[in-house]
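Chemist: Starting from the given sequences, assemble the full structure and let the hints guide the process.
Respectively, the protein sequence lines represent chains A and B. Going left to right, the first sequence walks through residues 1 to 526 as UniProt numbering numbers them. Going left to right, the second sequence walks through residues 1 to 526 as UniProt numbering numbers them.
Do not take every clue at face value.
As the list claims (entries may be wrong) - Once the Cα atoms are required to be at most 27 Å apart in a straight line, the calculated DSS-like pairs of lysine-lysine come out as:
(1) B:Lys64 x B:Lys36
(2) B:Lys195 x A:Lys195
(3) B:Lys471 x A:Lys471
(4) B:Lys368 x A:Lys471
(5) A:Lys471 x B:Lys281
(6) A:Lys195 x B:Lys471
(7) A:Lys163 x B:Lys36
(8) A:Lys36 x A:Lys258
(9) A:Lys258 x B:Lys155
(10) B:Lys368 x A:Lys281
(11) A:Lys258 x B:Lys163
(12) B:Lys258 x A:Lys155
(13) B:Lys195 x A:Lys258
(14) A:Lys368 x B:Lys471
(15) B:Lys65 x B:Lys281
(16) A:Lys195 x A:Lys170
(17) A:Lys281 x B:Lys471
(18) A:Lys400 x A:Lys496
(19) B:Lys281 x A:Lys368
These are computed hints drawn from the structure, not numbers from a lab.
2 protein chains.
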Amino acid sequence: MKDADSILIYDTTLRDGTQGEGISFSAEDKILVAEKLDSFGIDYIEGGWPGSNPRDMVFFDLAKKKTFKHAKITAFGSTRRANLKAEDDPQLATLLEAETPVVTIFGKTWLLHVTEVLRTTPEENLAMIEDSVRFLKEAGREVIYDAEHFFDGFKDNPEYALKTLKAAAKGGADWVVLCDTNGGSQVTWLQGVVKQAVEEVSPVPVGMHCHNDCGIGVALSLAGVEAGARMVQGTQNGYGERVGNANLTTVMPSLCFKLGYHFAAEQNLEKLSRLAHSIDKLANLVPDSKAPYIGRSAFAHKGGVHANAAQKVSRSYEHIEPELVGNRQRILLSDMAGGSSVAMKAGELGIEVDPKSSEMRSFIKRLKEREARGYEYENADASFQVLLSRHFHGTTDNFKLVSYRTISEVVRDNHENISEAVVKIRVEGEEDIKITVAESTGPVGALDHAMRLAFGAHFPELRNVQLIDYKVRILQTGLGTDSVVQVLMLSGDGEKTWWTCGANPNIIEASWQALRDSYRYKLLER
Amino acid sequence: MKDADSILIYDTTLRDGTQGEGISFSAEDKILVAEKLDSFGIDYIEGGWPGSNPRDMVFFDLAKKKTFKHAKITAFGSTRRANLKAEDDPQLATLLEAETPVVTIFGKTWLLHVTEVLRTTPEENLAMIEDSVRFLKEAGREVIYDAEHFFDGFKDNPEYALKTLKAAAKGGADWVVLCDTNGGSQVTWLQGVVKQAVEEVSPVPVGMHCHNDCGIGVALSLAGVEAGARMVQGTQNGYGERVGNANLTTVMPSLCFKLGYHFAAEQNLEKLSRLAHSIDKLANLVPDSKAPYIGRSAFAHKGGVHANAAQKVSRSYEHIEPELVGNRQRILLSDMAGGSSVAMKAGELGIEVDPKSSEMRSFIKRLKEREARGYEYENADASFQVLLSRHFHGTTDNFKLVSYRTISEVVRDNHENISEAVVKIRVEGEEDIKITVAESTGPVGALDHAMRLAFGAHFPELRNVQLIDYKVRILQTGLGTDSVVQVLMLSGDGEKTWWTCGANPNIIEASWQALRDSYRYKLLER
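Modeler: Structure (structure tokens):
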């Protein structure tokens with residue numbers, strides 16, 4: 001076995017994680033996620049339940065052809081059916097067909113489930129556990145036994161719950177994992193139960209599988225480790241059924257920086273934020289800005305006192321150095337912000353301004369007016385930089401809008417829709433107004449294409465600029481279609497990305513503003 | 001004092017909560033929040049820091065005129081400045097001017113802050129705490145002393161940290177509150193420290209103020225209560241600086257249902273989801289679907305096995321009854337869904353269908369095709385119901401689009417923008433095509449107005465239908481302005497609300513689809 005303070009990290013993002021609302025990965029995406037987890041140093045990667053759906057079967061077929069440098073891939077399934085030999089159970093057969101070095105099976109701990117869901121006897125359930133584990137061990141697999149509803153079962157009947165673990169141990173399980181399947185357990189009580197389970201099944205090591213239904217999935221996992229568990233199961237970004245599984249992007253840094261345990265991935269923690277965000281991207285989710293350690297807001301400071309102190313002595317208001325998990329300190333603008341926060345923020349963007357100048361006062365006034373109209377500079381650094389630069393450096397536009405018109409239509413007897421934009425702009429140094437027209441699948445795209453035509457050869461650096469993401473929200477809800485629409489737009493040039501904003505009751509105008517700021521920002525490089 | 005298992009709930013949504021990124025309340029909104037918290041049975045409501053900004057001063061002026069039926073309003077501030085008499089300190093004076101029954105002041109525990117931030121001596125800091133508390137007590141206030149950075153200070157110098165608490169007790173503090181200001185503490189260690197502090201300051205009762213930086217803000221608060229603390233400070237929905245404060249919408253149900261403590265608001269927990277969502281609405285935030293207990297996903301089940309079992313024996317996969325916190329069970333659609341999930345979902349919407357029929361197979365095929373094109377039925381029940389009704393009941397449209405055209409423009413030398421829509425539709429039972437034109441501030445509004453004109457007297461029930469919320473996201477990022485745009489639209493008729501969806505590379509077309517489904521849904525009532 002390992003050292004007393006060594007922990008194994010077991011990732012079930014690809015199985016339990018996909019039970020979360022709105023989480024869906026293609027088999028190819030699953031392979032990409034597995035490769036990222038492997039590079040990061042995760043010890044076990046649960047790829048799916050081969051018997052449950054065709055997509056997971058495709059994943060295991062693809063995984064067979066890959067070489068993972070550190071992680072062991074595991075296939076998930078259940079114990080054999082009641083009153084059937086393990087060797088005759090089709091579901092156990094599919095687990096072997098997945099050809100993974102490790103197989104994880106779950107079995108029942110809670111008598112409620114044994115009698116009401118499986119509709120079998122307590123004795124047959126113990127036999128199902130022991131037989132299934134032995135069958136998989138004899139086929140040469142490392143076997144992890146997940147004791148489903150372990151804590152609910154223990155509360156109901158501690159003796160029987162421990163018997164199920166011993167049945168798995170007797171069958172030869174390499175690990176028994178205590179699952180708080182419904183997520184209702186509390187820390188102090190759970191810790192006592194884990195201690196007892198660890199003693200009872202020794203020398204078989206114990207793992208934890210917790211959920212976040214009481215908002216304490218991470219605390220339960222860590223409490224289990226402190227009580228002697230040596231494996232933590234969880235998901236990246238806390239994906240998972242209902243409110244999610246124990247969040248490994250929180251568990252890992254706390255194990256390392258707070259409790260001093262060791263695990264293979266600890267050497268890569270400074271890539272943690274990037275890992276978490278890249279998995280969100282594959283899951284098509286916007287990263288949670290309030291995620292501990294890795295969220296955009298995790299080291300963000302608002303209000304003069306804290307922001308000032310945090311810049312001076314960062315540990316005065318930060319529990320770890322943000323860089324240890326690949327994050328960074330941010331100073332926020334807010335309508336509580338005074339000159340010093342704006343000056344700090346400007347400094348962060350490379351613009352030096354005097355926090356006490358009258359120019360600063362007029363800038364803050366302007367900022368607050370614009371914020372009151374719906375512009376959101378807190379999340380649109382590029383628009384903020386454009387505003388700063390225009391105010392303090394007197395930067396003027398390299399182009400000026402004269403007018404635009406967008407038309408979006410579905411024409412009669414032809415169900416296709418098309419958008420067209422006419423743009424009239426003045427480009428600096430040119431006498432005539434440029435008038436251009438372009439089509440696209442939508443009005444914002446049409447405006448964008450027409451703009452590019454108008455810029456022509458004048459601004460070659462804009463050629464590679466592309467819209468990457470686009471978010472729209474209504475600011476005052478309840479006003480019907482006349483509400484103010486706020487647009488946030490992410491653009492990129494292949495090297496870096498930047499956010500701009502727009503706000504107007506008209507979604508086209510708000511989008512146009514964000515688009516214009518994106519070009520203005522890129523042209524600041526001149 | 002209270003019974004041994006009685007806890008006081010101290011809400012700082014309006015002060016510490018507003019330090020969160022993107023959280024901002026007007027003084028009037030703050031009053032609305034305070035009224036909601038009071039009705040709910042919250043014991044203390046920290047309204048703001050009167051000395052720090054004019055808005056908070058307005059709040060306290062408004063609060064003076066209100067009668068709160070249960071809650072005590074508290075004003076927040078700091079101890080006196082170094083080397084100044086308490087009675088000469090302008091900041092302490094503003095705290096009294098707020099005229100609240102309770103004043104909460106924070107002081108320094110951690111010598112790093114005493115020397116580096118306050119730049120004073122350890123002895124003067126103790127005097128600042130004792131003097132300030134005594135001054136406020138002599139003015140007739142209930143005084144709560146918040147020991148800022150208590151746990152970091154204790155780690156650094158336990159003896160000095162405890163001395164600061166005793167200074168507050170000596171000054172006459174009614175409560176001392178242990179703050180984990182930077183959010184870096186861990187459960188087991190913190191619990192031991194709280195026990196020690198409770199003994200040292202007895203009989204003065206102790207409170208907890210925790211943050212979520214390690215994802216365990218709730219667990220720390222509960223651990224403190226188990227160690228003898230009798231007050232919990234936190235925020236609704238976990239608003240607050242960085243990743244937020246301890247989330248009271250999680251702490252409260254866990255205290256009640258999991259640990260058996262008592263507090264005034266426990267009798268209102270079945271209104272908890274509504275309270276939390278109404279505060280999000282005032283903060284202009286979309287409720288977190290993954291919030292424990294109260295999130296939309298908290299009792300949502302995906303995948304055949306769990307969904308089936310949860311419907312049969314709900315406690316088999318639910319840690320409490322959702323209704324206890326005003327939530328409900330939901331069955332999710334997903335591409336893992338088979339006939340039985342769709343049938344359950346349909347049943348939930350009042351439509352009975354046979355899960356094994358060939359009609360069901362063709363429906364699931366259609367559903368999956370549409371999901372693959374970007375429609376999202378998981379969050380758009382009304383669109384799903386329209387689809388179901390058309391497929392299983394052969395419902396046809398009461399109106400049919402012939403064509404539409406929207407124009408959005410900024411005309412030359414006039415910086416206002418305007419949108420116009422022309423709609424041509426056939427209304428059932430009418431010979432001629434209706435051709436209508438309307439203007440609005442945006443293209444979706446213009447389409448909506450033109451539609452209503454066309455419907456005219458035919459569908460009077462559509463008159464009260466209004467767009468309430470509107471969300472847009474890009475599905476495949478990285479494709480520039482040609483990406484598929486997904487629109488989710490919330491409509492209401494004054495009595496109920498419903499979500500519909502649309503998906504198309506053209507944002508106007510996607511919006512039109514969501515708008516059309518909203519009308520189709522309302523007309524299903526016929």
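Chemist: Decide, hint by hint, whether the structure agrees.
Modeler: Okay, the hints, checked on the actual structure:
no., hint, verdict
1, B:Lys64 x B:Lys36, "holds, 16 Å"
2, B:Lys195 x A:Lys195, "holds, 22 Å"
3, B:Lys471 x A:Lys471, "holds, 8 Å"
4, B:Lys368 x A:Lys471, "holds, 25 Å"
5, A:Lys471 x B:Lys281, "holds, 19 Å"
6, A:Lys195 x B:Lys471, "violated, 48 Å"
7, A:Lys163 x B:Lys36, "violated, 50 Å"
8, A:Lys36 x A:Lys258, "holds, 25 Å"
9, A:Lys258 x B:Lys155, "holds, 13 Å"
10, B:Lys368 x A:Lys281, "holds, 22 Å"
11, A:Lys258 x B:Lys163, "holds, 26 Å"
12, B:Lys258 x A:Lys155, "holds, 13 Å"
13, B:Lys195 x A:Lys258, "holds, 21 Å"
14, A:Lys368 x B:Lys471, "holds, 25 Å"
15, B:Lys65 x B:Lys281, "holds, 25 Å"
16, A:Lys195 x A:Lys170, "holds, 20 Å"
17, A:Lys281 x B:Lys471, "holds, 19 Å"
18, A:Lys400 x A:Lys496, "holds, 25 Å"
19, B:Lys281 x A:Lys368, "holds, 22 Å"
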